[in-house]
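Just so you know, the protein sequences line up as chains A and B, in that order. Here this note's numbering is used: position 374 in the first sequence is 374, and no number is missing along the way. Here this note's numbering is used: position 48 in the second sequence is 48, and no number is missing along the way.
Since the hints were made in silico from the structure, they are not lab data. One should not assume that every hint holds.
What follows is a list of derived Cβ distance ranges for each label pair [unchecked claim]:
| no. | chain 1 | residue 1 | chain 2 | residue 2 | range |
| --- | --- | --- | --- | --- | --- |
| 1 | B | N49 | A | S94 | 49 to 55 angstroms |
| 2 | A | M361 | B | N49 | 51 to 57 angstroms |
| 3 | B | K129 | A | T90 | 31 to 37 angstroms |
| 4 | B | E95 | A | D257 | 14 to 20 angstroms |
| 5 | B | T131 | A | T147 | 45 to 51 angstroms |
| 6 | A | S137 | B | T131 | 49 to 55 angstroms |
| 7 | B | A130 | A | D25 | 45 to 51 angstroms |
| 8 | B | K129 | A | Y358 | 31 to 37 angstroms |
None of the values given here were measured: they were computed from a predicted structure. Here a beta-carbon is modelled for each residue, glycine too, at the ideal position from N, C-alpha and C.
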Amino acid sequence: MTNINNDLENQLTKLREDYKHKLPDKIAEINKIWIKLKKQSDSETLGLFRRQVHSLHGTADTFGFTELGKTAARLEAIAKSLIDNPEFVTKSISQVEDLLNELKTLAAGEENQAKIIKKEAAAENAMLIYLLEDDNSWENNLTSQMTTFGYEIERFSEIELFIEQLNKKYPAILIINIHLVNEQLHTMLIAKNEKSDTKIPIVFISTSGEFSLRLKAVRLGGEAYFIKPFLTDDLVNKIDYLLKSEVEPPRILIVDDEMDVATYNAAILQNAKMKTYIITKSNEIDRALHEFNPDLILIDIVMPDCNGLELAAIIRQQSIFQSTPIIYLSSEDDQQKQLDAMKLGADDFLTKSTQSTYLIMTIRNRVERYKKLRSLMVTDNLTGLYNHSFMQNQLEIELKEAMQLHNPLSIALIDLDKLKSINDTYGHQAGDHVFRSLGLMLHKRLHATDIVGRYSGEKFLIILPNTSLELAKSTLEELRKHFLTLNYSWNQQMFNASFRVGIASFPDFHTTDELIEAAEELMSKSR
Amino acid sequence: MANQVLNQILYAEDESDIREIAKIALEDIGGFKVQYCANGKEVLERIKNFKPDLLLLDVMMPGMDGPLTMLEVHKLPGFETLPVVFMTAKIQTNEIFQYKSMGAIEVISKPFDPRILADTLRGIWEKYKATL
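With the hints as constraints, model all of the structure from the sequences given.
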């Protein structure tokens, strides 16, 4: 196996080397077309120019020349806009030639040591957690919970071994007892935090909430701070949240009547690992909001059909988008106008000349805060899962999408059996614990695209997008069997729990009400 | 479509460098039987004799682009429902919606990782088969 891999690796490296040698010629060819374009900007030459830049963009990315690919992407955005506006060729000369020069430098550069994109390292350790803790009294509890949810925990009680392992293999997250951090680990964590590609989320645990310790945790890049004794459920939730926010890229809706400006901004944001969706007409806003469900909206303030200010007011009229951050992008320097914009519900104001790094940071910060806030608003206090109104809303969004794309969609309603008797026998705390753990198990064991929430009283609702009835049935049956094997203990007594389930699917049912009704009926029948 | 396993792929990509990488990804790693075209016109010429299980198309090609090629292929008798997968460097969500509503079963974003391309295609194939 290793040999085959090595062989492929060699082939890929060779292809990459070959490509690298061809790069200067490819760029020279683009340059030649550009020179011709400056003399006569006919549509044929413009089309050729764009196509060549596009293919440079695509191939550079494929062969792992990321920087060069990014520069080519910027040039492509300009090339694309020139096709619609050939009269801008003369205006764009300095911009285009700067980018062409940058491409030449990058192609010749020795520093270009990018490797063909490797993804396997991250995937391999995505569920691995390192724990640095010398007190083992609570570890068993944590380990058993975390492994149920698919995580793998390695505990270190000695800091030397911990550091050694950290140098060898990267986990997805670190849990560290702050009292054990020595100078060497301190330096190491600070160094790792400085670079975004080595940064690992850290959760600190401590026996005290003393300010100086908390400050130390912040300076070491800690994402959370737990004071003993704490509930392991809370820790599991936090870890889950941290790992999830790592993988879900921010979704940015761009509203701009000029397609080229929008594409340019989209390219910048995509390079910063964000997802974008562009609309050029304000009347497309409703569809975009519901289809794309953005985390942030970037609006051009001056648009022909309806200005950005009015558009923000329209967005704010809909309760589910009341807190979605809105940022204006404009050439407007007038402070009074900016103030007016803020009054109508904008959160921030950036001028079009803003540096791209500033744009990215502003957007990223806003989105992060919004996501945190939203996770507080839409989640249920007991389970930490989505609450009833969020689920109701989400089901509508998912059903609409399924209908549009002609995909199947299934929902499952789940009811914990004998919750009342668990409550009566072991107390409500035991009942809550079982209920919470069922929710967590569902959440952890289902796909990331499946949505789990608390529906009512003792019921959970699961939305399974793009899942047929048959697939949903077999998935839920597997979960049901797994749940039966979990042992709960309360006051030294062991017991098991079980649940009932009802499943309904689109296209068998066409509205959210019909789906829920059908699932509810099947669930009670399975009694 | 009698056969359940993905075996034959017709692949169109105008960039010869990318075709080389895809060759490793699809044949050496994936074990597929693949024929390569440099543009949409070639696809229309080759498809009748090769009879692929799946058509893999780059979106932006000179002359006839990916979407247009798909529309033309779907007009040919016997190929009306041939599954098509697009590859594109543009990862605008609305464009993915658009391509899917035109009839593509999936859109793969470029650059692709040659190590997992074959697995990605098999995953798409299975999902597609499950919906039939």
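Hint check:
1. N49/B <-> S94/A: 49 to 55 angstroms: 52 angstroms, holds
2. M361/A <-> N49/B: 51 to 57 angstroms: For N49/B against M361/A, whose Cβ atoms are near 55 angstroms apart, the range 51 to 57 angstroms holds.
3. K129/B <-> T90/A: 31 to 37 angstroms: Cβ of K129/B to Cβ of T90/A: about 54 angstroms, so the range 31 to 37 angstroms is violated.
4. E95/B <-> D257/A: 14 to 20 angstroms: Holds - the Cβ-Cβ distance for E95/B and D257/A, about 19 angstroms, lies within 14 to 20 angstroms.
5. T131/B <-> T147/A: 45 to 51 angstroms: 35 angstroms, violated
6. S137/A <-> T131/B: 49 to 55 angstroms: Once the Cβ atoms are compared, 51 angstroms apart, the range 49 to 55 angstroms for T131/B and S137/A holds.
7. A130/B <-> D25/A: 45 to 51 angstroms: The hint (45 to 51 angstroms, Cβ to Cβ) holds, given that A130/B and D25/A are roughly 46 angstroms apart.
8. K129/B <-> Y358/A: 31 to 37 angstroms: The hint (31 to 37 angstroms, Cβ to Cβ) is violated, given that K129/B and Y358/A are roughly 48 angstroms apart.
The structure is inconsistent with the numbered hints 3, 5 and 8, although it conforms to all the rest.
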